Amino acid sequence: MQLEIPDFCLVLLVGASGSGKSTFAQRHFADTEVISSDACRGMVSDDPTSQAATNDAFDLVRYIASKRLAARRLTVIDATNARSEDRRDFTRLAREYHALVVAIVLDLPERVCRDRNATRADRNFGQHVVRNQVRSLRRSSKSLRREGIRYRFRFQSEEEIDAVEVKRRPLWTDRRDDAGPFDIVGDLHGCFDELLVLLERLGYQVQHQNGQFKIAHPENRRLIFLGDLIDRGPRIVDCLRLVMDAVENGSALCVPGNHEVKLLRKLRGRNVRMSHGLDATVAELEREPADFRECTAKFIDGLVSHFVFDEGRLAVAHAGMKADLLNRSSGAVRDFALFGETTGETDEFGLPIRYDWASEYRGDAAVVYGHTPVIDAHWVNGTICIDTGCVFGGSLTALRYPERELVSVPAVETYYEPVGSPRTTFNQTTDPHLLDIEDVHGKRVVNTGLLPNITVRAENAAAALEVMSRYAIDPRWLIYLPPTMSPCETSAIDGLLEHPAEAFDYYRVSGIERVICEEKHMGSRAVAVVCRDEEVARKRFGIERQGAGAIYTRTGRAFFATGANADYEKALIDRLRNAADDCGMWDAFETGWFCLDAELMPWSMKADDLLNEFYRPVAEAARLGLDQAKAALEQAATRGIDCSLLLDEMQDRSTMVAEYAAALQRYEWPVESVNDLRLAPFHLLATEGAVHAEQDHGWHMERLAELGASDDVLAPTAHRIVDLADRESSDQAIAWWESITDAGGEGMVVKPWAFVAKKGRTLVQPAVKCRGREYLRIIYGPEYTVEENLRRLRQRELRSKRSLAQREFALGLEALSRFVKQEPLRRVHECVFAVLAMESEPVDPRL
Amino acid sequence: MLLTLTTTHRPATDLGYLLHKNPARAQVFNLPFGKAHVFYPEASAERCTVALLLDIDPISLVRGRGAILTDYVNDRPYIASSFLSVAIARVFGSALGGRSSERPDLVDESLPLTAEITALRCDSETSVRSLFEPLGYEVNVEPSDTDESSARYRNVRLVCRKPLKELLTHVYVLVPTLDNRKHYWIGDDEVDKLIARGEGWLEKHPNREFIVRRYLKHQRNLTEEALARLRDDGDAGLGTHATATVGTASLGDLRIQAVVRALTDSGAVRVLDLGCGEGRLIEALLRLPQISEIAGVDVSVEALNRAERRIGLERMPDRQRQRVKLLQGALTYRDARLAGYDAAAVIEALEHLEPARLGAFEQMLFHFAKPETIVVTTPNRDYNVNYVELADGGLRHPDHRFEWSREEFASWTASVAAAHGYAATLEPVGDVDPALGAPTQMAVFKRCN
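Chains as they are written, first to last, in the numbering used here: chain A, 1 to 847; chain B, 1 to 449.
Derived by calculation from the structure, the hints in this document are not laboratory data.
Predicted, not measured: the structure shown is a model, and the values here were computed from it.
Even for Gly, the Cβ is constructed at its ideal location relative to N, Cα and C.
Treat the hints with care, since some could be wrong.
Below 30 angstroms or equal to it, Euclidean Cα-Cα: the simulated DSS-like pairs (lysine-lysine) are [as the list claims (entries may be wrong)]:
1) B:370 - A:539
2) B:325 - A:443
3) B:370 - A:322
One side of the interface only, derived from the structure: several residues of chain A facing chain B at Cβ under 10 angstroms [what the hints assert, rightly or not]:
4) 192
5) 249
6) 777
Here are some chain B residues pointing at chain A (derived, C-beta under 8 angstroms) [as the list claims (entries may be wrong)]:
7) 58
8) 330
9) 356
Let the hints inform the model, and build the full structure from the sequences given.
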């Protein structure tokens with residue numbers, strides 16, 4: 001006999017000792033699915049038959065069961081379960097986790113059980129035990145249905161039991177193997193005219209022949225209706241017919257709304273209040289033949305509360321679905337799908353106050369729902385309500401999946417006047433962008449497309465929390481933080497720490513054939529997020545009254561934080577917007593925003609305090625100290641004291657300090673207006689729908705040259721392409737580096753031609769820097785070029801820096817990719833937060 | 001990096017005997033941080049000058065994992081700092097200790113002496129004078145920059161008639177005092193030694209508190225170093241931990257009293273202290289038996305550690321300890337741990353948020369945590385003209401992102417109350433200036449049911 005059970009449920013084996021429960025469990029279920037009360041007795045007391053351990057053992061059974069059910073795992077309870085009070089704990093547990101309960105009763109004759117026990121040494125309890133078990137089992141087995149056990153199977157002979165075959169089938173809600181594509185349509189409420197316009201816009205062909213609707217899409221897309229097809233509006237029966245026909249022929253799916261459920265009760269002759277527009281439906285249906293009413297009732301009765309699609313990435317329900325109810329089955333799940341969650345209170349119009357479940361949603365599935373009219377549909381924590389109140393004069397909205405595009409058709413008229421104020425009709429969702437401390441606090445593991453399982457240690461997260469909350473700009477702008485960059489391996493050439501040859505060697509060994517060398521700008525890292533206008537900032541970033549973009553530092557703080565400088569941000573954003581207008585970027589990329597990785601100059605713009613506090617004073621102190629020392633030594637020399645070596649040393653040090661002061665000076669120039677600033681973008685990181693990590697660096701250079709063509713404030717990045725197999729090619733690049741650094745330039749950054757480069761399965765450094773000899777005085781101190789100093793400085797350890805650079809690179813791209821995929825803010829924030837946390841790792845800051 | 005000592009005592013070359021260093025030779029001494037050279041630019045019977053030149057190794061200066069970038073580009077090799085004191089003790093140890101085998105009689109004799117200290121890092125000429133003049137020196141200061149106010153280093157000449165050991169002792173102690181930066185002591189006991197050197201004069205010095213206080217500063221711990229690393233290039237000078245520094249200590253007390261009164265009036269039993277800092281409010285609330293639970297929340301782990309020490313959480317009896325929770329949290333993140341409290345106090349915390357982040361704070365507290373009573377205090381900018389230091393329109397703390405006038409605070413209070421279903425009352429805290437109001441303003445929000 002085939003025994004069909006849901007693939008997620010709680011199975012209670014019911015039977016006396018010796019009825020063969022464990023054998024049955026072993027035959028039909030995996031070891032890890034079965035929780036045996038005897039095994040738990042053994043675990044807590046070392047004696048699997050100990051009756052004294054019963055309470056503790058069952059605590060353990062329930063505990064394990066609750067963990068498994070929470071994880072949506074089929075679970076089998078191997079215990080006698082003979083009395084209804086034994087089963088009650090488990091049915092309650094199943095209800096708590098919204099699992100269906102299956103009882104499999106092994107009701108063998110008492111004699112069979114007794115004989116089996118007699119052959120087993122550990123079952124030498126009295127005969128009355130089995131007798132009592134069998135009796136209570138028979139007595140209570142009639143009450144299984146009353147106990148809320150949906151699936152009940154009873155076997156009364158060994159032959160029957162041997163013939164059993166257990167077959168698991170998915171829950172009706174479970175359509176994870178169906179990935180669409182879909183067009184999900186919000187609450188219709190009889191707005192048939194708008195529906196037809198919408199279907200046309202979505203590319204559907206709608207035919208009406210012989211009283212039957214035929215719906216088809218050339219790309220085999222299917223419709224999903226979110227319920228509330230009826231009530232209030234003008235063409236309810238047409239809506240019903242279209243949806244029912246489309247569901248019938250497989251071109252649509254439909255979940256029930258609360259209005260349908262109420263209609264069903266009405267059609268079944270129950271006494272229902274004719275409120276909220278039900279009268280309109282009833283009036284229309286009365287004009288229809290009785291068999292249509294019957295079909296409608298059947299249709300509604302057959303609707304499944306919600307669906308989960310596409311490997312769990314998409315869920316649909318009329319009023320929404322919480323993560324812990326998703327793809328489960330219980331009265332509570334159905335109620336939530338129909339009504340959402342209410343606080344139990346009512347507002348001044350007597351309408352229930354809705355609990356804002358979406359603001360707490362943390363699930364993996366994107367939840368698309370309707371039920372509560374909103375002014376415009378927007379994503380809140382990976383959920384979106386697409387009921388835009390067509391019947392109330394709003395619009396009818398569809399969400400295209402997997403594209404996640406919204407398509408809306410405005411209502412022809414206001415068909416139904418809302419009860420109460422517009423505020424109660426059109427819901428305000430609470431700020432969807434408020435992050436939760438749980439999303440960042442403590443030890444975390446972040447999965448990225450490039451590197452799996454990046455661990456953020458709790459201490460680093462704690463440090464990052466302080467920086468993020470005290471200094472960083474609005475997290476909605478922070479869709480990316482740049483990774484740290486490692487220098488090349490240390491050069492052995494006299495007087496140098498870094499040289500391009502090492503960078504080329506590194507990439508050659510990593511199997512890279514072609515690299516790009518980009519001039520290293522003498523400024524500060526800056527990320528620019530630029531929107532076409534403030535409306536895009538509002539719609540796409542959820543940010544109002546904060547301008548049309550942001551420029552921030554590598555730690556997420558405003559680049560131009562204070563007073564007068566704050567105007568530079570707006571001015572620079574405006575320049576970037578104009579530049580994008582000029583080169584037609586918005587249309588070319590079909591985007592309303594873009595994100596740039598850039599360097600902003602001069603360094604003194606951002607680092608003026610640092611220059612004043614540290615770098616300039618060193619030059620000042622050194623000049624003062626060395627001058628006096630030289631004077632004292634010269635005086636001693638006139639007395640014939642031999643101190644010429646020391647005097648020479650002081651003279652050399654004076655020279656180095658002067659070179660240091662000269663190096664510093666290249667990093668400062670006065671800024672009086674935005675025209676004195678230079679922004680040199682080197683990555684066009686992302687635009688709507690795309691992270692441009694698939695494009696090689698040549699592409700990035702070209703696009704950014706186009707962007708910068710019309711504005712001098714946007715500085716180009718000089719670059720050279722090097723074929724690593726060709727000596728001449730790399731020699732030329734080395735000569736170029738020498739000319740840059742001899743002139744006091746900062747050096748260059750060497751990157752693989754591809755934005756993301758791998759050797760086998762390992763990530764290759766996305767960039768390696770080769771800094772110039774003079775610039776490094778600012779990093780390693782004025783006198784680092786003394787050979788004795790260089791000798792020691794060459795002992796540097798790059799491994800942890802490189803590992804950090806890789807992890808941060810992966811996290812930065814992941815943040816962008818999540819943002820581009822419209823994932824909830826917390827998912828984007830998790831990645832940038834992790835970058836910041838990584839940066840609190842102690843690595844040699846000179847690298 | 002250079003100290004010279006000159007005497008016109010006759011014969012001046014006795015200086016060599018006092019220092020145990022021969023004027024005819026240049027000598028080198030190895031020190032843990034580099035080398036010290038001793039030589040005599042001048043040595044006649046009339047006038048003798050010794051030079052102590054430090055050759056500090058810049059590479060070995062920075063050790064350990066906690067270093068930040070600015071540690072490597074360092075003025076230490078070029079200036080007079082605690083290294084000079086260490087060198088004096090090592091190279092001129094006998095003279096400093098008042099021992100001389102050749103000229104024991106000169107040890108306690110007052111000699112005409114001039115000391116020149118090259119590149120002494122100090123805030124101002126006044127600070128140099130205030131430390132040396134009370135000890136009987138004629139002080140001459142030459143700034144490194146023509147603009148006296150922006151100079152950071154000064155060449156200092158001290159003229160006196162004193163025993164050499166006294167002069168050396170004063171230089172030994174006061175150079176690091178003036179420098180006021182991280183000390184590169186060789187061992188922990190150097191601090192104790194320094195205090196021991198003060199015997200006989202420090203206790204009489206009018207600025208002794210200042211001198212001692214500076215020795216106890218600059219003990220960075222690991223947490224602060226991690227934060228220093230994260231703090232961006234832009235704000236190297238800012239303090240990490242913000243507490244209002246302007247005004248008398250009693251304003252802080254008055255504020256706590258006012259908040260405690262507002263909280264007790266509300267009948268609150270479980271109280272949140274958001275931005276608890278080092279735990280002053282927690283300490284005050286612990287004394288009130290009716291308060292059953294206090295949760296102190298701060299974003300700074302370091303502040304929470306200090307709060308823990310301040311209220312003595314470790315040593316508290318169990319029952320008492322169970323009343324206190326200290327949590328790391330931020331004002332701009334929603335936090336389920338903060339729900340269900342009767343009241344929340346937000347004392348001088350708001351003004352540390354960027355104005356653009358206030359919305360998140362309001363959501364977090366007024367919409368999600370929503371205790372029945374919320375007490376908020378913040379500086380009253382109108383009052384700032386009463387502080388001399390703020391005459392030019394500055395704010396009370398470098399980390400303050402804004403300070404509100406009474407009007408601005410009242411308007412914020414009203415709009416937040418209206419948006420989230422609270423009723424608010426305003427109260428001044430501290431001496432009320434009839435025209436400008438009180439230094440601190442307080443709002444008490446009550447949730448309307």
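How the hints compare with the structure:
1. Between residue 370 of chain B and residue 539 of chain A the alpha-carbon distance is near 28 angstroms, which keeps this suggested pair within the 30 angstroms criterion.
2. Between the alpha carbons of residue 325 of chain B and residue 443 of chain A the distance comes to roughly 20 angstroms, so the proposed pair stays at or under 30 angstroms and holds.
3. A threshold of 30 angstroms between alpha carbons decides the hint, and for residue 370 of chain B with residue 322 of chain A the separation of about 23 angstroms falls inside it, so the pair holds.
4. The restraint placing residue 192 of chain A at the interface with chain B is violated, with a minimum CB-CB distance near 39 angstroms, outside the 10 angstroms limit.
5. Restraint check, residue 249 of chain A versus chain B: the minimum CB separation of about 46 angstroms is more than 10 angstroms; hint violated.
6. This hint holds: residue 777 of chain A has a C-beta 8 angstroms from the nearest C-beta of chain B, less than the 10 angstroms allowed.
7. The beta carbon of residue 58 of chain B is positioned within 8 angstroms of a beta carbon in chain A (closest approach about 5 angstroms), and the interface hint is therefore held.
8. Look at residue 330 of chain B: its Cβ gets to within about 3 angstroms of chain A, closer than 8 angstroms, so that hint holds up.
9. Hint status for residue 356 of chain B relative to chain A: holds, with the closest Cβ pair at about 5 angstroms, below 8 angstroms.
Violated hints for the displayed structure, listed by number in ascending order: 4 and 5.
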